[in-house]
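Chemist: For the protein sequence lines, the chains are A and B, in the order given. 2 is the number of the first residue of the first sequence in the numbering used here; add one for each residue after it. 121 is the number of the first residue of the second sequence in the numbering used here; add one for each residue after it.
Calculated from the structure, these hints are not laboratory results. The beta-carbon is built from N, C-alpha and C at its ideal position, and this holds for glycine as well. Among the hints, erroneous ones may be present.
Stated by the list, open to error - Label pairs and their in silico Cβ distance ranges:
#1 B/Gly127 x A/Arg210: 47 to 57 Å
#2 A/Phe158 x B/Gln137: 44 to 54 Å
#3 B/Gln137 x A/Ser227: 16 to 26 Å
#4 A/Lys207 x B/Gln134: 31 to 41 Å
#5 A/Leu121 x B/Arg125: 22 to 32 Å
#6 A/Phe211 x B/Arg125: 42 to 52 Å
#7 B/Gln134 x A/Ser227: 24 to 34 Å
#8 A/Gln214 x B/Gly155: 39 to 49 Å
#9 B/Ala204 x A/Thr40: 25 to 35 Å
#10 B/Gln134 x A/Gly88: 52 to 62 Å
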Amino acid sequence: MKWPLADRPVPERQVPLYNRFYLHAPKASHVDPTLVWGTEIDAEALQSFLRERNRAGRVVVTTAHALIRATALALAQFPDMNVRMVGRRIYAFRDVSIRMGFVHRGSGEIDLLLVRAADLKSLEEIALEIWQRLVQASRGAGSRDRDLARLRRVPSFWFRQVLRLYSFLDRRFRLPALGRLDELRGGCAMVNDLSFAGAPPMRSYKPTRFPDQSDSLNLTLGPMESKVVARSDQFMSTTVMPLFLRADHRLVDAYQVGRFLALVRDLLSHPERLDAPADQPAKPDAGAGSTIRP
Amino acid sequence: MTADRNGVEADLLQFVQSRGPRHADVTADTDLLDGGLLDSLLLTDLILHIEGQYGMQFEGADVSPGNFRSVSAMADLVLNQLAAPRQPA
Chain A
2 MKWPLADRPV PERQVPLYNR FYLHAPKASH VDPTLVWGTE IDAEALQSFL RERNRAGRVV
62 VTTAHALIRA TALALAQFPD MNVRMVGRRI YAFRDVSIRM GFVHRGSGEI DLLLVRAADL
122 KSLEEIALEI WQRLVQASRG AGSRDRDLAR LRRVPSFWFR QVLRLYSFLD RRFRLPALGR
182 LDELRGGCAM VNDLSFAGAP PMRSYKPTRF PDQSDSLNLT LGPMESKVVA RSDQFMSTTV
242 MPLFLRADHR LVDAYQVGRF LALVRDLLSH PERLDAPADQ PAKPDAGAGS TIRP
Chain B
121 MTADRNGVEA DLLQFVQSRG PRHADVTADT DLLDGGLLDS LLLTDLILHI EGQYGMQFEG
181 ADVSPGNFRS VSAMADLVLN QLAAPRQPA
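Given the sequences, and given the hints that come with them, work out the whole structure.
Modeler: Below is the structure:
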């Protein structure tokens, strides 16, 4: 049994006033606390870094692994964003753990995995862990795969009742993670790498929120595309990737979201910074940094 | 199980080329990683295909650039694994 959340909630006095407006808004106000911010990263720098890494490395490293590492390093710099709501209280996560969606080749469906303490793992360690899970999933041989297979056999009526009970408890109580299916609640950030071959250009993307309420942040990377930009008074062609962040105004405001996204963008556009050791965290650009502490 | 190099290479090449228009011109020696042609979906499908076709078992550590850089490298991997003595269960 693991307890992903801190013992005590963030004191109400540390929660910014406007976040509290959203936090305590009555349902009748139809409040929408969802914030979405889209930007672009320099894909040439990232691709060049990955090519270099894959020339000499022990494990294949992809954009998804870089996105996980960048998100984890940024969350370590902004601990006030590594939080979730339980009821109307805000709890910090103990670790910087990141969940990722992937295509489960064994079942032909989307599944999720969780990389625990991703800020303390190197890019290669993250890649190795993910490949291990993907290989296991392609065979449908892992213990989680067996749990998912059992869950698929549950009749719709009982599936709904279980989900309702679980959601009720998860929304109201600081629960431990008991098994393989609910361990995904161990992190506040979910990442999607949608830069797969054949994906259409991404102009806008609003990720869904998982019913368990724990993924308060979502970062989605879209496919590469060429773009003409002006640099030093000259027009030139470059390759970019769109990056979208979905956040929750009950937990963070647009200023925090902007600075957090700027750091993730900076890390992906200067991917050599992803190699920063755990005791020397990535330096955010001027203006970034945390203001409140959970 | 026995397999000849040309047969394995042709099988894997066909698998990769059938992926889509970007992969149609891939040859046995095309660098899939440098060309940005090997994403996680294709890599996972290749693993599944090789495991099903040649009875191999991959681990996460086997997903190395050296093993999946090109169709030729993948054929080497398959042939080396098939030639290696089997571990007792």
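Chemist: Please name the hints from earlier in the document that this structure breaks, with their numbers sorted from lowest to highest.
Modeler: As far as the earlier hints go, 5 and 9 are violated by this structure, in ascending order.
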